[in-house]
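Student: Residue numbering for the sequence shown follows UniProt numbering, beginning at 1 and increasing consecutively.
I should point out that these hints are in silico values taken from the structure, not numbers from a laboratory. You may find that some hints are simply not true.
Pairs of lysine-lysine residues, derived as BS3-like cross-links and limited to a Cα-Cα distance of at most 27 Å, are as follows [to be verified]:
| no. | residue 1 | residue 2 |
| --- | --- | --- |
| 1 | Lys227 | Lys34 |
| 2 | Lys231 | Lys34 |
| 3 | Lys231 | Lys63 |
| 4 | Lys227 | Lys63 |
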Amino acid sequence: MINATGNRMTREIARQSWLAQDIAQTQIQVSTGKRLQRASDDPVAANRVSTLQTVQANGVAWKANVDLGVTLTAQADSVLQSATDLLVRARELTVAGANQTLAPADRNAIATELSALAYELDGLASTSSTLGEPLFATGAPRMIRFDSDALFAPVPSRAALFDSGGQSAAQHVRDAASAISSGNAASIGSSMTALDGAIDQIATAQAQIGINATRLERLTELQAERKIANKAERSALEDTDLTSAIAKLNAQTITLEAAQAAFARINRRTLFDILG
Numbered sequence: 001m002i003n004a005t006g007n008r009m010t011r012e013i014a015r016q017s018w019l020a021q022d023i024a025q026t027q028i029q030v031s032t033g034k035r036l037q038r039a040s041d042d043p044v045a046a047n048r049v050s051t052l053q054t055v056q057a058n059g060v061a062w063k064a065n066v067d068l069g070v071t072l073t074a075q076a077d078s079v080l081q082s083a084t085d086l087l088v089r090a091r092e093l094t095v096a097g098a099n100q101t102l103a104p105a106d107r108n109a110i111a112t113e114l115s116a117l118a119y120e121l122d123g124l125a126s127t128s129s130t131l132g133e134p135l136f137a138t139g140a141p142r143m144i145r146f147d148s149d150a151l152f153a154p155v156p157s158r159a160a161l162f163d164s165g166g167q168s169a170a171q172h173v174r175d176a177a178s179a180i181s182s183g184n185a186a187s188i189g190s191s192m193t194a195l196d197g198a199i200d201q202i203a204t205a206q207a208q209i210g211i212n213a214t215r216l217e218r219l220t221e222l223q224a225e226r227k228i229a230n231k232a233e234r235s236a237l238e239d240t241d242l243t244s245a246i247a248k249l250n251a252q253t254i255t256l257e258a259a260q261a262a263f264a265r266i267n268r269r270t271l272f273d274i275l276g
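Make a model of the complete structure from these sequences and hints.
Tutor: Given below as structure tokens:
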């Protein structure tokens with residue numbers, strides 16, 4: 001009788017201890033707002049959360065790269081528009097300088113303005129980015145990873161933009177200035193052709209930069225959608241559902257209190273039985 005009673009008491013004490021541990025666990029989940037406190041709470045969910053953490057960290061890095069790409073393409077587009085304006089003006093001056101009736105002073109004035117335009121073009125080609133680096137790389141264009149499957153150069157190299165016919169756009173303008181100063185009609189004609197080529201080349205490159213900017217815009221939207229989805233999935237896996245957790249905590253507390261009360265009553269009767 002005493003052994004049987006002792007066994008029942010031991011089992012009941014163990015059960016109440018488990019209930020108390022469950023209550024403590026639920027209290028932690030409520031207070032921290034996190035359902036997962038350790039991987040053993042839900043190994044499958046914990047593994048998925050770990051994967052999502054990596055995905056989210058990559059997302060932060062890729063978002064920063066996309067923002068950089070957007071800045072670079074916008075800056076490059078602005079610079080190239082300025083370069084186009086300069087080249088168009090240079091061509092206008094070259095056409096004017098082709099007039100064989102111009103006085104030497106007029107030719108010199110045109111050549112002087114062309115030289116100034118060439119100097120400005122050199123400055124545009126050497127523009128620095130927001131990173132303090134050349135906006136237009138002197139070698140291969142800078143490749144940037146924007147997503148797991150998106151790796152490209154948002155801005156072409158300097159040569160791809162400003163070099164045509166074996167020399168820079170600025171040099172084409174200088175050649176035009178020299179041709180006009182000397183009054184060499186053939187050289188002036190060649191300069192006009194070279195300037196047309198330089199203008200076309202920048203226009204083509206500017207169109208490509210526009211395509212890159214559109215691609216970056218789509219990536220921005222995609223990453224924003226993915227960020228929301230990943231956050232929602234992670235929250236569903238690891239965050240506490242406070243409504244159900246509080247209801248569970250109340251039920252656990254009632255169960256434990258009832259078990260403790262019943263145990264106390266049974267324990268008193270058992271003691272009386274033993275004494276009797």
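Student: Evaluate each hint against the coordinates.
Tutor: Hint check results:
Of the pairs offered as hints, the one joining Lys227 and Lys34 holds, with about 20 Å between alpha carbons and a cut-off of 27 Å not exceeded. Taken as a hint, the Lys231 and Lys34 pair is honoured in the structure, with Cα atoms around 14 Å apart against an allowance of 27 Å. Restraint check for Lys231 and Lys63: the C-alpha separation of about 15 Å stays at or below 27 Å, so the hint holds. Between Lys227 and Lys63, the direct Cα distance comes to roughly 10 Å. Compliance with the 27 Å bound is thereby established for this hinted pair.
Checked against the numbered hints above, the structure breaks none of them.
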